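Chain by chain, the residues:
There are 2 protein chains.
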Amino acid sequence: MTILDIASPLITIAQRTRQAASKLALLSTEAKNQAIAAIAQALESARDEICRANIADCETAAADGIPKPLYKRLQLDEHKLRDAIAGVRDVGKLADPVGQVQIHRELDTGLVLKRITCPLGVLGIIFEARPEAAIQIVSLAIKSGNGVILKGGKEAVRSCEAIVKAIKQGLSQTAVNPDVVQLLTTREETLELLKLDKYVDLIIPRGSNSFVRFVQENTRIPVLGHADGICHLYIDKVADINKAVSITVDAKAQYPAVCNAIETLLVHQSIAAEFLPKVAEVLEERHVELRGDQRTLAILPQIKTATATDWATEYSDFILSIKIVDSIEDAIAHINEYGSRHTDAIVTEDLTTAETFIGLVNSANIFHNCSTRFADGFRYGFGAEVGISTQQMPPRGPVGLEGLVTYKYQMTGDGHIVATYTGANAKSFTHQDLV
Amino acid sequence: MTILDIASPLITIAQRTRQAASKLALLSTEAKNQAIAAIAQALESARDEICRANIADCETAAADGIPKPLYKRLQLDEHKLRDAIAGVRDVGKLADPVGQVQIHRELDTGLVLKRITCPLGVLGIIFEARPEAAIQIVSLAIKSGNGVILKGGKEAVRSCEAIVKAIKQGLSQTAVNPDVVQLLTTREETLELLKLDKYVDLIIPRGSNSFVRFVQENTRIPVLGHADGICHLYIDKVADINKAVSITVDAKAQYPAVCNAIETLLVHQSIAAEFLPKVAEVLEERHVELRGDQRTLAILPQIKTATATDWATEYSDFILSIKIVDSIEDAIAHINEYGSRHTDAIVTEDLTTAETFIGLVNSANIFHNCSTRFADGFRYGFGAEVGISTQQMPPRGPVGLEGLVTYKYQMTGDGHIVATYTGANAKSFTHQDLV
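Protein chains in written order, with our numbering: chain A, 1 to 435; chain B, 1 to 435.
What the hints contain is simulated information worked out from the structure, not anything from laboratory work.
Among the hints, a few may not be true.
It does not matter which identical chain is meant; a pair holds if it fits inside one copy or across any two.
[Stated by the list, open to error] In the DSSO-like style, the derived pairs of lysine-lysine whose C-alpha atoms are separated by at most 30 Å in a straight line are:
#, residue 1, residue 2
1, K114, K93
2, K304, K68
3, K93, K408
4, K408, K114
5, K80, K237
6, K198, K278
7, K72, K23
8, K304, K427
9, K198, K114
10, K304, K23
11, K237, K304
12, K408, K304
13, K195, K93
14, K93, K154
15, K408, K427
16, K237, K114
17, K23, K198
18, K114, K427
19, K114, K165
20, K68, K195
21, K427, K278
22, K237, K93
23, K304, K243
The structure displayed is predicted, hence computed values, not measured ones.
Isolated chain A, as found in the complex (with noise of 0.2 Å):
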């Protein structure tokens, strides 16, 4: 099946998609979670040919050389299939997105507005080696009643269909179509993907900072993710010395790898004698090098000297740039001038500075005496998340199963023309709210 559907035009496959999902917008949450079992369930028996899979994978991927953390990444132990499994029933315990009532109102008597949440339709996601990613998105896509179109890394080809031919096997025995699930797997379609604007409702990339900038500069269907995030963490001149140390180390070297880990320390010039001091000595044990700007280097001699490159760079790795600032409204122009909207913090015990600074920081997470690290939907109570967006209109910041639905205006009545409330003898609304 699935060999037949590449071998099939990417637009015939994309309206088979578009069509089996137009039916499971349809279904009750009982379906839609009975069919996320039978996902977990046909994905169980099928371990063992999933992690066959696997090694074949990161077989020729060690003979082709990739790098030590792509490997990792790519490998699918039984543990971690397990987790993937046990994950998918999770998504089956969260509350349906489909179907929220968001407004319910009288507009005149028999004539009722609802708006509901809905379903996108058919999801693009494009990721990268980790295979154990398509198995969370299936089962997301699932419990919002949408289509979806994946492009795994071509590392992980083998995995990712055996991942699938597992998948469309449970649903083949569910009212889920199994055609709700593609999967490509060469470049080209993948840029194909990206034009399919009238079939594709929302794409979302997971890989490298470039390859998400790549897809967003190329395509107009609306991307949900994010390329950079360079975030910042700010130490005000009333800061706890404790709690800013504290919250520094947790910010870059607590697993500096992701997103929300900061890339550059700014310091308020009154309290950097103190604490940079502090703060070098416990991040240069945890083995971070430090680079820092003039005035930083008259207090730490021993760092590097950070160039303007520095300020706008994402290092993702044991590397922090530091600043010395002369007022809050200095590190909230270099924070808006460099950062990517997407976490930024301050320590401070002063309620006021605090306040100035969650106004004027124009980020998607603005944090207070707390780690940036903590910007992450299941951080938040979310469940699950589908990304994190740095774009400034709705859905940004961790986005969890609200950010693949919509909504549609559902107006009932009994024969109302709007004649009747235009004119000399117009008609009023009523526009009751009902409960």
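Fit chain B to the given chain A structure using the hints.
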């Protein structure tokens, strides 16, 4: 002041707007309402000046021989101006869309997350002839805490300048910096504005379909609005004939120039012989030109033939295309193929059929037994409408003030770090919603 703004490069104007808007974003509802009241007052004081400027615009336009409908839209007499000023005062009465707490959740003791609405930043509004549009837009922008860069039609340049001058004068006595409102007057500036994605957060084009499409295709800034509005009315086999006739006439002929008027009537074959002659009689009385497919012509031999082009045409005029379909599935397929995802309606007494239609038609507004002409922010009770969006992602349908705001995730801790919630002895989150 206006002259000076225009003389300086656009990027400087945009930066200045952005700076003024970031202060406006923090103002209280009361301060914004005072500014809106001051605008209304200043426009009243400048009434003569504005009307004189408009007369000059109209004289030039008449000399240039602009079409009569455009001329009528350009005219801003004392009556229209009074209505527009009343509209400003109405915006003052609307609920403030900024500062609404959408999520308030304790993640753990002392670690509290809030999602709060905030302004988008700077709006770019490009509108055609009607100069009073500037008045409405500025009041909506200020209510929602946004800066606004206006570009009016070249025919209305004197009127717009007089209006913006009065608005800035009004603002100069308030907490709102007059720099939040800017007026551009040349076509070259429009093109440049569309490129300023670093400074402008949302573009709202108000004009012809081709103009909106041009804007959508030539900017990376999000665009709120719609190009086409090809709306359908489907008369089901179990429709009430009286309702069907009355809704058809209202949806087509009550005001055909607007986007929510229908262009195509789809009729179930089993009701066509009874319904079509009745509706044709009334539509012809209202001077509506009818164009039908072959099966329609068999019933209404007097009308013109509809070609394939008709199904894809927004007439915006007293013309209606008619097609007979064999089933609701055929009707839905036609709508999803040719429609604009704007507004489509069904007339039927069968509730199940209505539900199928609402479930499977993929439009922003889907109506049952009422006219498509109800798709409108004022009629929905939003108080003000910034546009109707036909995109799939929210905001879609009629968009009120809520379309001019976004949100920030704000979190306050007391030194909380992620390391506490990770690894072998990970603490659990409480994820408790606070009321």
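Hint-by-hint comparison with the structure:
1. Taking the closest pair of Cα atoms, K114 and K93 come within 30 Å of each other both inside a single copy (26 Å) and across two copies (24 Å).
2. Taking CA atoms no more than 30 Å apart as the test, K304 paired with K68 passes inside one copy only; the shortest distance there is 28 Å, against 70 Å between copies.
3. Proximity of K93 to K408 under the C-alpha cut-off of 30 Å is found in both arrangements, the shortest distances being 25 Å within a copy and 27 Å between copies.
4. For the identical chains of this complex, K408 and K114 are neighbours both inside a copy (8 Å) and across copies (27 Å), given an alpha-carbon limit of 30 Å.
5. When the C-alpha separation of K80 and K237 is checked against a cutoff of 30 Å, the pair qualifies neither within a copy, at 45 Å, nor between copies, at 55 Å.
6. Taking identical chains as interchangeable, the C-alpha atoms of K198 and K278 are never at most 30 Å apart, the minima being 56 Å within one chain and 37 Å between chains.
7. Taking CA atoms no more than 30 Å apart as the test, K72 paired with K23 passes in neither setting, with 38 Å inside one copy and 48 Å between copies.
8. Neither within a single protomer nor between protomers do K304 and K427 lie at most 30 Å apart by alpha-carbon distance, with minima of 74 Å and 37 Å respectively.
9. Taking identical chains as interchangeable, the C-alpha atoms of K198 and K114 lie at most 30 Å apart only when both belong to the same chain, with a minimum of 27 Å there against 36 Å between chains.
10. Taking the shortest alpha-carbon separations for K304 and K23, neither the intra-copy value of 60 Å nor the inter-copy value of 37 Å comes in at or below 30 Å.
11. For the identical chains of this complex, K237 and K304 are intra-copy neighbours only, at 24 Å inside a copy versus 79 Å across copies, given an alpha-carbon limit of 30 Å.
12. For the homomeric pair K408 and K304, neither the shortest alpha-carbon distance inside one copy (56 Å) nor that between copies (35 Å) is at most 30 Å.
13. Taking the closest pair of Cα atoms, K195 and K93 never come within 30 Å of each other, the shortest separation being 35 Å inside a single copy and 44 Å across copies.
14. Taking CA atoms no more than 30 Å apart as the test, K93 paired with K154 passes in neither setting, with 32 Å inside one copy and 57 Å between copies.
15. Only within a single protomer do K408 and K427 lie at most 30 Å apart by alpha-carbon distance; the minimum there is 26 Å, versus 41 Å between protomers.
16. Only between protomers do K237 and K114 lie at most 30 Å apart by alpha-carbon distance; the minimum there is 25 Å, versus 51 Å within a single protomer.
17. With identical chains, the CA atoms of K23 and K198 are at most 30 Å apart within one copy only, with a shortest distance of 18 Å there and 41 Å across copies.
18. Proximity of K114 to K427 under the C-alpha cut-off of 30 Å is restricted to the intra-copy arrangement: shortest distance 21 Å within a copy versus 42 Å between copies.
19. With identical chains, the CA atoms of K114 and K165 are never at most 30 Å apart, being 39 Å at best within one copy and 41 Å at best between copies.
20. Taking the closest pair of Cα atoms, K68 and K195 never come within 30 Å of each other, the shortest separation being 33 Å inside a single copy and 41 Å across copies.
21. In this homomeric assembly, K427 and K278 come within 30 Å of each other (Cα to Cα) only across copies, at 27 Å, whereas the closest approach inside a single copy is 72 Å.
22. With identical chains, the CA atoms of K237 and K93 are never at most 30 Å apart, being 46 Å at best within one copy and 41 Å at best between copies.
23. Proximity of K304 and K243 under a CA criterion of 30 Å is satisfied intra-copy only: 25 Å inside one chain copy versus 79 Å between copies.
Checked against the numbered hints above, the structure breaks hints 5, 6, 7, 8, 10, 12, 13, 14, 19, 20 and 22 and satisfies the rest.
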